[in-house]
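Protein chains: 2
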Amino acid sequence: VFNFSAGPAVLPEDVLREAADEMLDYKGCGMSVMEMSHRSGEFAQIIQTAEQDLRDLMGIPGNYRVLFMQGGGTAQFSAIPLNLLNGGVGDYIVSGSWSKKAAKEAARMGRARVIASSEDDGFNRIPDLENLHIDEDASYVYLCHNETITGTVYHELPETGDVPLVADISSSFLSEPIDVSRFGLLFGGVQKNIGPAGVAIVIVRDDLIPEKTPDGVPIILDYRTTADKGSLYNTPPCYTIYICGKVFKWLKAQGGIEAIGRRNHAKADALYGYLDKSDLFKTTVRKQDRSIMNVPFVTGDADLDAAFIEACRQAGIVNIKGHRSVGGMRASIYNAMPIEGVNALLDVMESFERSHG
Amino acid sequence: VFNFSAGPAVLPEDVLREAADEMLDYKGCGMSVMEMSHRSGEFAQIIQTAEQDLRDLMGIPGNYRVLFMQGGGTAQFSAIPLNLLNGGVGDYIVSGSWSKKAAKEAARMGRARVIASSEDDGFNRIPDLENLHIDEDASYVYLCHNETITGTVYHELPETGDVPLVADISSSFLSEPIDVSRFGLLFGGVQKNIGPAGVAIVIVRDDLIPEKTPDGVPIILDYRTTADKGSLYNTPPCYTIYICGKVFKWLKAQGGIEAIGRRNHAKADALYGYLDKSDLFKTTVRKQDRSIMNVPFVTGDADLDAAFIEACRQAGIVNIKGHRSVGGMRASIYNAMPIEGVNALLDVMESFERSHG
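Same order as they appear, the protein sequences are chains B and Y. Last residue of the first sequence: 1019 in our numbering, with the numbers rising by one and none dropped. Last residue of the second sequence: 1019 in our numbering, with the numbers rising by one and none dropped.
One chain only, chain B, in its complex shape (with noise of 0.2 angstroms):
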């Protein structure tokens, strides 16, 4: 089948099969990665070699961190004002259901403020970005990249001068490349292009954490700990992380991110060019915004779209049923969703407009 599942989500072929023939014996220590201590050397090289292989993709600055954290993405909403606000504000660019939802816990955490928004307009954009309002106190500005359920993208990035960005990178996570230095702090949940759901990656300028640990940060959620600790301070997800490290290894193989970006935006301008020009099917946001991992589409009649739903089922496709706050169907087309998946699913709009068009 074609899984085109928003998160957790498709994972490379390779890798679940090296996973499997590795499961009962890792490389002839006789114990499954599950059993093994987090303080052993097989597993210090797994997670070593994890953050040196994402350094490679990303091409990740030396004064960055590295941090796998537990918890997904939303334990980052927390996190993000606990370690950075030190008494400033927040500045959120809300752009969706994932940006919204950090705006709001930021404000739970301290001080928030949403400094843009596409809220009126459905999320069906990203907000306008010329003359941003940037407070005084702000201590970040903070993005979702690309939004996983309205299916946007930022193409260009907010001017913030000396306020450091921050953004959650969680559905486009290694999808094309992205310059690092232009971020404070990048975070994502796992789940959508990198491994399991259990981890969330957070790379952040080791300026931005703080000197020692602010007071009443529960330790899990805590930069200063979770950095000198070496993500060790804690046992963590151990076999998550070891997914998430075939899966780079997987990534490098293909070419890196260069190529795997390319091959990204050729499957989603596939996807785009027939939308474009179907009678039958709409993309639900604005041309310049669109992201290339989530695809939003409607008929505009929720019979019709439950029927196509159906034939895509029919055809082995699956996952494709859009959030219930858009409608329609969402195709989330991320690295391990290989362009034979997008070609069965066009096939299916096809010969579906052709039928009900």
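Covered stretches of chain B (in silico footprint by chain Y; criterion: 3 or more residues with CB under 8 angstroms from a CB of chain Y, positions within the stretch not fixed):
1. 667 to 678
2. 875 to 888
3. 974 to 986
I should point out that these hints are in silico values taken from the structure, not numbers from a laboratory. All residues carry an ideal CB built from backbone N, CA and C; glycine is no exception.
Starting from the structure of chain B, add chain Y where the hints point.
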């Protein structure tokens, strides 16, 4: 090899085999469990079955909720005071490193007091439980049921009257029957007796869950939201929960907790029996407080300890080295350690004592 790691730790081979077999295709759905939406029917079945099997195994009363949370036991060190203090104080019985850490974190999150401690005796025993002075405004009394590092367990529980008893059962989870109704809250990281690291299970009496989320509690540590959303507020560590569920099925197939408890006592009795008559090896724990899961022992001579650990390694016995704070050796004999593993260890001990005693 026989893996005596204190955690992450040995898992049942049958469970690992099944997981490997299902890695690419879970029950004919064409996907790995790693790739499934946490909102899918398949995953709903997995998490609901896991919860029900755990309820059956432990006899969890209907007025207790079962929460699957992230961040390990350490996250609960923060979550417990954040959710339960409600302006009162947490009374801590400190019997080892883990309860000491929990008390320290609770003091950071609110107010905590150590009401008994065995630290002056190097945590070689459970503190005296007679004449505990429980604070008038105590919100709970906290203990760590089984201290993994020093190898103690509570064979009797303190009397706390109307004050709820809260216990960390990370390393004694499902090791023998426990009367859940004696506790207000039980929790544990799963990476010792239940599954791969990445999930903490919280079993909490429903009247202790705050009616609404307390101010300032990070959302992923919030019991109210987690309970209301069936542990699916955000994406949970689906694959880890799936493996936990398989271990619950395996435990049921072994005859349940009574049967496993008998086997665990037999394994522990074999080890302690030898240690009690050995002239070379000694236990480090007061007799009435000995853990049946973690058995530390020493020769009293660091060079002999090292030679013994090397003799073990040659016999395929790994991760037997003790924690640095105790030294010597530690045999963690969790549910999935077969009696054959304990016998193999005893063989090496006997042969080593003959040649070095």
